[in-house]
Amino acid sequence: DVVMTQTPPSLSVAIGQSVSISCKSSQSLVASDKNTYLNWLLQSPGRSPKRLIYQVSKLDSGVPDRFSGSGSEKDFTLKISRVEAEDLGVYYCLQGTHLPHTFGSGTKLEIK
Amino acid sequence: EVQLVESGGGLVQPGRSLKLSCLASGFTFSNYGMNWIRQAPGKGLEWVASISSSSSYIYYADTVKGRFTISRDNAKNTLYLQMTSLRSEDTALYYCARGRSSYWGQGVMVTVSS
Chain A
13 DVVMTQTPPS
23 LSVAIGQSVS
33 ISCKSSQSLV
43 ASDKNTYLNW
53 LLQSPGRSPK
63 RLIYQVSKLD
73 SGVPDRFSGS
83 GSEKDFTLKI
93 SRVEAEDLGV
103 YYCLQGTHLP
113 HTFGSGTKLE
123 IK
Chain B
184 EVQLVESGGG
194 LVQPGRSLKL
204 SCLASGFTFS
214 NYGMNWIRQA
224 PGKGLEWVAS
234 ISSSSSYIYY
244 ADTVKGRFTI
254 SRDNAKNTLY
264 LQMTSLRSED
274 TALYYCARGR
284 SSYWGQGVMV
294 TVSS
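Those sequence lines, one after another, are chains A and B.
Numbering-wise, my numbering comes out as the position in the first sequence, counting from 1, plus 12.
Numbering-wise, my numbering comes out as the position in the second sequence, counting from 1, plus 183.
Check the hints yourself; a few may be wrong.
Pairs of lysine-lysine, DSSO-like flavour, derived with a Cα cap of 27 Å [unchecked claim]:
1) 62/A with 91/A
2) 226/B with 62/A
3) 259/B with 91/A
4) 226/B with 86/A
5) 226/B with 91/A
6) 124/A with 259/B
7) 91/A with 70/A
8) 70/A with 86/A
9) 46/A with 91/A
10) 70/A with 46/A
11) 36/A with 46/A
12) 202/B with 259/B
13) 62/A with 46/A
14) 91/A with 120/A
15) 259/B with 248/B
16) 124/A with 202/B
17) 124/A with 86/A
18) 226/B with 36/A
19) 120/A with 226/B
20) 91/A with 36/A
21) 259/B with 226/B
22) 91/A with 124/A
23) 226/B with 248/B
24) 62/A with 124/A
Over 12 Å on every C-beta distance to chain B, these chain A residues come out as not near it, computed from the model [unchecked claim]:
25) 29
26) 61
27) 66
28) 72
29) 94
30) 95
31) 97
Covered stretches of chain B (chain A as the covering partner; in silico rule of three or more C-beta atoms under 8 Å from a C-beta of chain A) [said to hold, decoys possible]:
32) 224-238
33) 258-271
To be clear, the hints were calculated from the coordinates, so they are not data collected in a lab.
No residue lacks a Cβ here, since even glycine has one placed at the ideal position from N, Cα and C.
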């Protein structure tokens, strides 16, 4: 199985600061169709996960452009510029290239 | 508006069975692969099973293979998860999710305990 190593496990940031979350996979996530199926999800407190970014860097509809994704092959980053209070929660990376699909262990974002 | 509504959860004894349902609306259900994903209390997310749009392709996590069966009825816009030989470690909030996790339901709780 592909192991997704996500760091850091937690972050505490002030409103307006920027943060980055890393996700490294044990195998390349480039699929046979040349797409890279790496998603970023946010689970706000008491809520279901919500996808923010798909295929490394494509923002889902309605997601603020403060969120951005980058990376390739085995190394990926989620960046949140100008953190707002509504951004708190647990962020997960998810690879959908290989079966079984696997998640990172999560990064808990807290607001100072 | 895309909606996924899970049902069928509850408290069940070890070794017993339970069947979850996920009713989809707001999109053409038969066009999308679907997934079950679970989250044990206080833990992270674990992919459980996937099924292609026409049920041609079905995949399971090793932890549930041979015990769980994913299926769908495109005429009823409904995804199912039949769970048998339940264990305490199957206790979790079960989510259905569309396609490549683009939309998630609110989840349904399954508790396996004597």
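Consistency of the hints with the structure:
1. 62/A with 91/A: 16 Å, holds
2. 226/B with 62/A: 17 Å, holds
3. 259/B with 91/A: 40 Å, violated
4. 226/B with 86/A: Holds: residue 226/B and residue 86/A sit about 24 Å apart, inside 27 Å.
5. 226/B with 91/A: Distance ~23 Å between residue 226/B and residue 91/A Cα, so the pair holds.
6. 124/A with 259/B: Given that 27 Å is the threshold and the Cα spacing comes to 47 Å, the pair is violated.
7. 91/A with 70/A: 13 Å, holds
8. 70/A with 86/A: It holds: about 17 Å lies between the C-alpha atoms, which stays within 27 Å.
9. 46/A with 91/A: 24 Å, holds
10. 70/A with 46/A: 15 Å, holds
11. 36/A with 46/A: Distance ~19 Å between residue 36/A and residue 46/A Cα, so the pair holds.
12. 202/B with 259/B: Distance ~16 Å between residue 202/B and residue 259/B Cα, so the pair holds.
13. 62/A with 46/A: Satisfied, since the Cα-Cα distance of roughly 25 Å is no more than 27 Å.
14. 91/A with 120/A: 14 Å, holds
15. 259/B with 248/B: 25 Å, holds
16. 124/A with 202/B: Given that 27 Å is the threshold and the Cα spacing comes to 43 Å, the pair is violated.
17. 124/A with 86/A: 31 Å, violated
18. 226/B with 36/A: 20 Å, holds
19. 120/A with 226/B: Holds, at about 12 Å.
20. 91/A with 36/A: Within the cut-off at roughly 15 Å; holds.
21. 259/B with 226/B: Status violated; Cα separation ~32 Å.
22. 91/A with 124/A: With a Cα-Cα distance of about 18 Å, the restraint between residue 91/A and residue 124/A holds, given a limit of 27 Å.
23. 226/B with 248/B: Within the cut-off at roughly 21 Å; holds.
24. 62/A with 124/A: 23 Å, holds
25. 29: Non-interface label stands for residue 29/A: nearest chain B Cβ at 25 Å, farther than 12 Å.
26. 61: 5 Å, violated
27. 66: 6 Å, violated
28. 72: Given that some Cβ of chain B is not farther than 12 Å from that of residue 72/A, nearest at about 7 Å, it is violated.
29. 94: 25 Å, holds
30. 95: 22 Å, holds
31. 97: Fine: 22 Å to the nearest Cβ keeps residue 97/A off the interface.
32. 224-238: holds (count 5)
33. 258-271: Answer violated; 0 residues pass the 8 Å Cβ test.
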